[in-house]
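In this text, residue positions in the sequence shown follow full-length UniProt numbering: the first is 1, and each later residue adds one.
Think of the hints as simulated: they come from the structure by calculation, not from any bench. Treat each hint with caution, since some may be false.
Stated by the list, open to error - Result set (BS3-like, lysine-lysine): computed pairs, CA atoms no more than 25 Å apart in a straight line:
{"hint": "1", "residue 1": "Lys542", "residue 2": "Lys565"}
{"hint": "2", "residue 1": "Lys530", "residue 2": "Lys516"}
{"hint": "3", "residue 1": "Lys177", "residue 2": "Lys118"}
{"hint": "4", "residue 1": "Lys167", "residue 2": "Lys147"}
{"hint": "5", "residue 1": "Lys545", "residue 2": "Lys530"}
{"hint": "6", "residue 1": "Lys110", "residue 2": "Lys177"}
{"hint": "7", "residue 1": "Lys147", "residue 2": "Lys187"}
{"hint": "8", "residue 1": "Lys167", "residue 2": "Lys177"}
{"hint": "9", "residue 1": "Lys292", "residue 2": "Lys397"}
Fair warning: this is a prediction, and the values are worked out from it, not measured in the lab.
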Amino acid sequence: MAGQIPPQFIDELLARVDIVDIIDARVALKKAGKNLHACCPFHNEKTPSFTVSPEKQFYHCFGCGAHGTAIGFLMEYDQLSFPEAIQELADHVGMTVPTTQNVSQSPQQKNLYDLMDKVSQFYVHQLQTHPDRQLFVDYLKTRGLSKKTVEMFGIGMAPDGWDNVLKTFGSSQAQVKQLLDAGLLIKNDTGRTYDRFRHRLMFPIRDRRGRVIGFGGRVLDDSTPKYLNSPETPIFHKGTELYGLYQAKKQNRKLERVLIVEGYMDVIALAEHGITNAVATLGTSTTPDHLKQLLRASPEVVFCFDGDRAGREAAWRAAENALPMLGGNQQLKFMFLPDGEDPDSMVRRHGAEAFESEVLHAQNYSDFFFTWLTEKVDLSSMDGRARLVEITKPYLKHVPAGVYRDMLEQRLAELSQTNIATLNRHIEKPASRLQRAPKKQTLATMTPLRLAISILLQYPILAREIDDTASISSLQLPGVNILKELLETLHQYPHLTTAALLERWRDRENGAHLEKLALQSLSLSADELKHELLGIFSQLQKQAKEQRRIYLESKPLSELTEAEKAELRLSQK
Numbered sequence: 001m002a003g004q005i006p007p008q009f010i011d012e013l014l015a016r017v018d019i020v021d022i023i024d025a026r027v028a029l030k031k032a033g034k035n036l037h038a039c040c041p042f043h044n045e046k047t048p049s050f051t052v053s054p055e056k057q058f059y060h061c062f063g064c065g066a067h068g069t070a071i072g073f074l075m076e077y078d079q080l081s082f083p084e085a086i087q088e089l090a091d092h093v094g095m096t097v098p099t100t101q102n103v104s105q106s107p108q109q110k111n112l113y114d115l116m117d118k119v120s121q122f123y124v125h126q127l128q129t130h131p132d133r134q135l136f137v138d139y140l141k142t143r144g145l146s147k148k149t150v151e152m153f154g155i156g157m158a159p160d161g162w163d164n165v166l167k168t169f170g171s172s173q174a175q176v177k178q179l180l181d182a183g184l185l186i187k188n189d190t191g192r193t194y195d196r197f198r199h200r201l202m203f204p205i206r207d208r209r210g211r212v213i214g215f216g217g218r219v220l221d222d223s224t225p226k227y228l229n230s231p232e233t234p235i236f237h238k239g240t241e242l243y244g245l246y247q248a249k250k251q252n253r254k255l256e257r258v259l260i261v262e263g264y265m266d267v268i269a270l271a272e273h274g275i276t277n278a279v280a281t282l283g284t285s286t287t288p289d290h291l292k293q294l295l296r297a298s299p300e301v302v303f304c305f306d307g308d309r310a311g312r313e314a315a316w317r318a319a320e321n322a323l324p325m326l327g328g329n330q331q332l333k334f335m336f337l338p339d340g341e342d343p344d345s346m347v348r349r350h351g352a353e354a355f356e357s358e359v360l361h362a363q364n365y366s367d368f369f370f371t372w373l374t375e376k377v378d379l380s381s382m383d384g385r386a387r388l389v390e391i392t393k394p395y396l397k398h399v400p401a402g403v404y405r406d407m408l409e410q411r412l413a414e415l416s417q418t419n420i421a422t423l424n425r426h427i428e429k430p431a432s433r434l435q436r437a438p439k440k441q442t443l444a445t446m447t448p449l450r451l452a453i454s455i456l457l458q459y460p461i462l463a464r465e466i467d468d469t470a471s472i473s474s475l476q477l478p479g480v481n482i483l484k485e486l487l488e489t490l491h492q493y494p495h496l497t498t499a500a501l502l503e504r505w506r507d508r509e510n511g512a513h514l515e516k517l518a519l520q521s522l523s524l525s526a527d528e529l530k531h532e533l534l535g536i537f538s539q540l541q542k543q544a545k546e547q548r549r550i551y552l553e554s555k556p557l558s559e560l561t562e563a564e565k566a567e568l569r570l571s572q573k
């Protein structure tokens, strides 16, 4: 899979990305000499053994053996595929992944993306030119939306009628099938095919790359449903997508905070008033996939809910889904609106400054968590406090080990008027993902060839000291081809870091072996390692010459070419 993205693009991507920024946004790092460290996010530990090297652009845990590049970290921590991790890093530094070799997009998906874009433009054009557009134009004006905001979100109009999209885009059976696959048409039990969206204000839903993947449609009369979303399709999955996230990232170079609101108009109304960091789920509660996506985009997420019972229950569902993601460098908060208010009405009535003030004073996750649970018990009685511990236990076991979990347990101990020692006897700890750390070799036990490869992986700049790779080409020795390829790669691309080198071997037979050598402790200075490398290479050259001499001597003299005879005479001197 990795080979389908040009290696030169991955080289450049890793040269622009700083692994420290990527990891520190998810796991709080502290300076430790020339490196940074933290408690490992991949297994439970109290003492930090997780190290990040800015020089090598590589991370390694001495406890469980987890290691890798910025790409590998995103794949493990955020559970992304290789193409998704590449896309995430590219978005982070403003690069565009080559579309000619898009590894994550099938021909069917590409066709659907193209179709959805054309239909989105069709809806926009209808809002601008259709004879019945005035009703929709007037509605947008009554909501106080400017032309700029309407254009920012690509708002359009689906005219009344059963077959506007069908007639415009379905001139063949293949095209009709595409429209059905995209969720733009409905086929009923009698076999009749017609437009899904009719006489509705249309809101295109974009993925994080800005591609239209679905639509939301709002009626302006008493028809039902009031809001209608696209169904699940090959390119649209409402449990993973967020309305407005693309626009929020486009409007803010760095998203310091993301606000989750209920609907399209809330996102759009806030943007009209200059609050461009709001997103909305698509008719579902906030899922773990939504949260992962948001916490990758911003260090702080604020949930904005109605203050009634339904709003607080929705907030609790979001809080439950967030449990495995607590801790690290992110913060989750909850903002509850006054009765009868939604973000749209509140920002129009009180203004952006007052709304932002409410956001800043949102309730911390831990306060909401314990408020919700303590309302169910009587803290004035021992029985009630014991009950609090029992109902909290199932939730705490999902919180990752670390400072935040320890502090939640401390707070529970205070509320239940007990102590940590007592709690620890009754609260289940999260399952450890401890792996066996790789066995370490010493320099004395490493073969010279492995040592040379390890030196080049960890100090790529030393490749410039060797310019004659052809002299070892004939050497029959396991691993010599890897050494030769490393040298040739570094001669062609001298800027490569340890991380970039290892990514070039991702998914190859020797990739895991090279990762181990990149982690080998080299207890020598850079100057000493340079002399070590030159000495090893000189020895390999001598071995290559000796092997060649023995090979030529083993052949009958009559079978040697004149060039080989001259080479043999020279080697015997």
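Structure-based check of all given hints:
With a C-alpha separation of about 19 Å, the suggested pairing of lysine 542 with lysine 565 holds against the 25 Å cut-off. Taking the CA atoms of lysine 530 and lysine 516, the gap is near 20 Å; set against the 25 Å cutoff, the hint holds. The hinted pair formed by lysine 177 and lysine 118 meets the criterion: a straight-line CA distance of about 16 Å does not exceed 25 Å. About 29 Å separates the Cα atoms of lysine 167 and lysine 147, which puts this hinted pair outside 25 Å; it is violated.
Pair hint lysine 545 plus lysine 530 holds up; C-alpha atoms about 23 Å apart against a cutoff of 25 Å. Proposed proximity of lysine 110 and lysine 177 is supported: the alpha carbons are some 15 Å apart, at most 25 Å. Taking the CA atoms of lysine 147 and lysine 187, the gap is near 36 Å; set against the 25 Å cutoff, the hint is violated. Restraint check: the Cα-Cα separation between lysine 167 and lysine 177 comes to about 13 Å, which is no more than 25 Å; the hinted pair holds.
Among the hinted pairs, lysine 292 with lysine 397 is consistent with the structure: their alpha-carbon atoms are about 19 Å apart, no more than 25 Å.
When each numbered hint is compared with the structure, violations occur for hints 4 and 7.
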